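Asker: The chain contents come next:
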Amino acid sequence: MAFAAGLVIVAGVAIGAWTRKAPEPVSQVPQQPSEVVLSISGESGARPRYAVPDFITRGGDAETLEAARLMGSVLWDDLAFEREFYMVPRDTYRTIPAARSFTEIAFDRWRELGADGLVIGSVERTGPNTYRVEVRLYDVKSRRSVSAREYTGSASNPRLYAHTAADDIHQQQRALRGAARSRLTFSSDRDGERVANAVSPRDVKEIYISDYDGANQRRVTVTRKLNIMPRWSPDARAIAYTSYRRDFPDIYISLIYEGTLENPTKGRGQNWLPAWSPDGARICFTSTRDGNSELYVMDRDGSNLTRLTNNPAIDTTPTWSPSGTQIAFVSDRNGSPQIFIIDADGLNLRRITSESWCDRPTWSPAPFNEIAYASRTGPGYDIRIYDLATQERRQLTSGEGSNESPAYAPNGRHLAFMSTRTGRKQIFVMGRDGQDVRQITTVGNNYTPDWSK
Amino acid sequence: MRIQSVSSAALMGLVVASLALGGCPSKKPPVARPLPPPAPATTPTPPPAPAPSGAIQESPVVASPSIPEDPMAARSVDDLNRDSPLRAAFFEYDSAELTAEARAALDANAATLKKYRTWAVTIEGHCDERGTAEYNLALGERRAAAAHAYVVSLGVTADRLKTVSYGKEFPFDPGHDEAAYAKNRRAQFVITAK
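Chains as they are written, first to last, in the working numbering: chain A, 1 to 453; chain B, 1 to 194.
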């Protein structure tokens with residue numbers, strides 16, 4: 001074998017417009033002990049420098065050529081996103097002859113460019129709508145492949161091959177769960193439609209989804225009504241949200257692969273802001289069914305309803321702890337809206353903020369133990385994080401427009417949020433240190449993001 | 001409800017008639033009592049003989065050219081909402097307390113709703129854009145509930161009223177200054193049936 005020292009894993013990927021499955025190994029080279037991982041290191045403790053040129057095509061048609069370029073570009077972006085590697089800019093590769101196969105790689109030239117790791121991929125069309133993609137990671141110094149994986153699937157979404165390869169490289173090289181295959185959901189008025197039969201001109205908002213990097217933005221609801229505050233189910237197959245499709249707020253669940261709709265609250269009172277329990281079995285939400293804004297918990301199908309709060313003040317905007325044993329929420333029981341934590345049985349209430357106005361608490365996934373929220377800092381809001389262990393708080397944004405509605409990436413290393421920094425309301429993502437801000441949406445106004453688990 | 005709406009046309013005609021003839025609008029439904037016939041000079045044909053006591057006599061009253069039509073009765077629900085006889089109640093920042101002005105608007109709305117007893121109304125709670133979208137759903141509902149409780153206390157039956165919070169999703173004025181905010185912090189009455 002050309003890459004005798006490397007791991008060889010053959011994986012199949014089912015890729016389609018509406019299917020996203022984790023790659024399942026269809027066969028494995030039997031002698032590979034999975035514990036042995038050759039890790040590429042950088043010079044004297046610096047982050048390793050990675051290069052990702054365009055993928056190789058074998059007798060490619062125009063579509064395959066474009067897919068090969070796109071996969072290289074997307075994989076570079078995916079690897080840059082986690083900031084575990086220094087990514088050598090792609091516009092510096094031009095002088096290096098492109099590899100035509102895995103056996104003709106100009107390692108000395110990549111070495112001159114300072115690359116420690118080199119990702120070479122190939123795309124081969126295997127049918128009218130199928131690709132076979134192979135991705136190898138080389139240690140440039142030793143010229144050895146430290147990992148090689150093969151993916152097969154649909155040709156309709158080349159980006160998914162790159163995302164899967166990026167997640168595999170992060171897992172193998174850094175034991176890190178990458179976010180490349182995670183997705184966002186948000187509410188948008190981009191269609192410019194107006195609510196039907198409204199008393200005054202009122203903009204429709206519909207639920208959208210996109211890849212984590214903003215690609216593949218798709219509309220989920222088609223109601224010509226208000227649909228807001230979507231939340232991914234933990235298995236990322238469903239989105240719960242607040243919809244005015246019957247002209248009052250109620251909780252609906254769209255199963256995006258089946259194309260079906262559930263309405264667990266069944267119009268009993270006004271219901272909004274659903275939040276999934278970590279196991280996806282229950283939903284905490286706000287309702288005024290008993291006359292005041294209180295928190296309730298129900299099973300996903302609407303059964304086993306229990307009331308969690310009982311206070312004449314507003315109690316709203318719940319979020320579950322990763323263990324499912326606690327719920328953080330917003331209450332104005334002491335005056336302005338502040339963030340409180342309560343045990344999932346409704347006991348042991350405590351307050352964690354004393355600021356001007358706080359909303360949309362979002363509990364981080366483990367291993368972080370913190371709550372992000374929007375805090376009024378002037379005319380607008382900024383994203384802050386409260387560390388539950390140290391009880392310290394830090395601010396991630398600093399007054400560039402208003403910054404609201406934070407949501408954690410599944411690995412806890414990034415947050416999506418809404419910001420007005422470029423004028424209209426748009427979705428952005430940033431690192432949990434507030435750096436590396438990226439704009440996800442540009443069309444219309446876009447609100448209240450959530451990140452799949 | 002259906003029975004109510006059938007009798008309403010007759011009731012409204014009687015209320016209008018009594019107004020036009022100089023009477024006070026009665027608080028009680030004027031059923032089973034024949035009205036005085038209109039003056040003979042204004043009618044080309046003599047009125048029919050009075051109906052037996054206990055029957056409602058309405059055709060001469062409606063036919064009389066001297067009695068103006070109630071403009072509300074002729075308008076569709078959409079037309080009514082476009083230039084609504086029901087006023088919005090406005091609120092202070094992050095508050096659902098009814099101010100004196102809000103009470104005055106709701107007093108007028110309650111009188112209108114008691115006059116037009118078949119109207120069904122949704123009271124919408126709205127907020128200005130300064131609060132967060134999530135919390136404002138609850139704040140808007142609190143405003144709608146405050147307006148609802150007040151008009152019910154004035155005798156409007158609760159089964160004609162619904163409340164819906166729209167948070168800050170549907171501002172009345174898209175501006176970003178206090179003048180716009182003041183218009184957007186409101187309980188808005190929308191007629192849904194008549």
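Since the hints were made in silico from the structure, they are not lab data. There may be inaccurate statements among the hints.
[As the list claims (entries may be wrong)] Per label pair, the in silico range of CB-to-CB distance:
| no. | chain 1 | residue 1 | chain 2 | residue 2 | range |
| --- | --- | --- | --- | --- | --- |
| 1 | A | V443 | B | S153 | 17 to 25 Å |
| 2 | A | G192 | B | H176 | 46 to 54 Å |
| 3 | A | A215 | B | H176 | 45 to 53 Å |
| 4 | A | G324 | B | R117 | 48 to 56 Å |
| 5 | A | D290 | B | L154 | 46 to 54 Å |
| 6 | A | L347 | B | L154 | 50 to 58 Å |
| 7 | B | L154 | A | D235 | 36 to 44 Å |
| 8 | A | Q171 | B | A193 | 56 to 64 Å |
| 9 | B | A158 | A | N348 | 33 to 41 Å |
| 10 | A | G302 | B | K115 | 37 to 45 Å |
| 11 | A | T420 | B | K183 | 44 to 52 Å |
A quick note: this is a predicted structure, and the numbers were derived from the prediction, not measured. We put the beta carbon where it would ideally sit given N, CA and C, even for glycine.
Asker: Taking the numbered hints from earlier one at a time, note which ones the structure violates and give those numbers from smallest to largest.
Answerer: Hints 1, 2, 3, 5, 6, 7 and 11 are the ones this structure does not satisfy, whereas the remaining hints hold.
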